[in-house]
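Colleague: So the sequences go chain by chain: A and B. The numbers in this note's numbering rise by one with no breaks, and the one at position 59 of the first sequence is 59. The numbers in this note's numbering rise by one with no breaks, and the one at position 61 of the second sequence is 61.
Note that these hints are calculated values from the structure, not bench results. All the pointers check out, no bait thrown in.
Looking from chain A toward chain B, a few residues come up when the C-beta cut is under 8 Å (computed):
# : residue
1 : 32
2 : 42
3 : 51
Glycine included, C-beta positions come from ideal geometry on N, C-alpha and C.
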Amino acid sequence: GNSVTQMEGPVTLSEEAFLTINCTYTATGYPSLFWYVQYPGEGLQLLLKATKADDKGSNKGFEATYRKETTSFHLEKGSVQVSDSAVYFCADSGGSQGNLIFGKGTKLSVKP
Amino acid sequence: EAQVTQNPRYLITVTGKKLTVTCSQNMNHEYMSWYRQDPGLGLRQIYYSMNVEVTDKGDVPEGYKVSRKEKRNFPLILESPSPNQTSLYFCASRLRGQTYEQYFGPGTRLTVT
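Turn these sequences into a full structure, and let the hints guide you.
Modeller: Quick look at the structure:
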């Protein structure tokens with residue numbers, strides 16, 4: 001079946017460092033792609049999304065570009081803050097009837 | 001405020017004692033879903049519903065039941081809980097269509113002893 005693979009964590013960075021979290025998917029066709037973020041003790045919330053090839057999703061300084069040729073949707077941020085510490089999930093809508101398929105999550109810790 | 005609510009937020013129970021976790025959304029969403037989150041396994045879908053009276057199994061449906069009698073509610077039922085169902089559970093909803101974002105509830109932490 002389809003799957004989403006993201007880099008394993010935990011990832012520990014210093015404040016203002018550059019962040020990349022890799023994500024690749026196997027779904028065929030043109031699924032929508034998402035990054036969700038889960039802050040400690042909370043549910044998941046949408047961080048950004050892209051619905052077609054070459055689209056760039058962006059929010060709160062985070063960006064990800066839908067790369068059909070490499071089936072990737074890597075998350076980047078130029079300068080992370082302590083408040084970005086959370087678990088990040090990549091997902092695509094490649095499941096049956098558009099169900100989301102999630103990666104296993106990457107825990108990010110940002111130190112001051 | 002648009003939201004997905006779950007109750008209870010925390011529950012400790014014993015093996016075999018039937019329980020229900022409620023989920024409600026106020027956004028008139030057709031689609032609703034239940035997930036469990038376990039360390040190292042990420043989010044796994046239990047059941048989902050495309051609309052009222054329409055439910056389908058997800059990846060890990062064994063030991064769970066759901067019903068969708070009203071559009072806003074999607075309860076998760078554990079008829080005979082076992083310790084391997086100890087987990088963090090999330091309900092989610094969205095509009096029908098794969099481009100729409102899913103809205104998640106705050107989670108229910110269940111412990112079965």
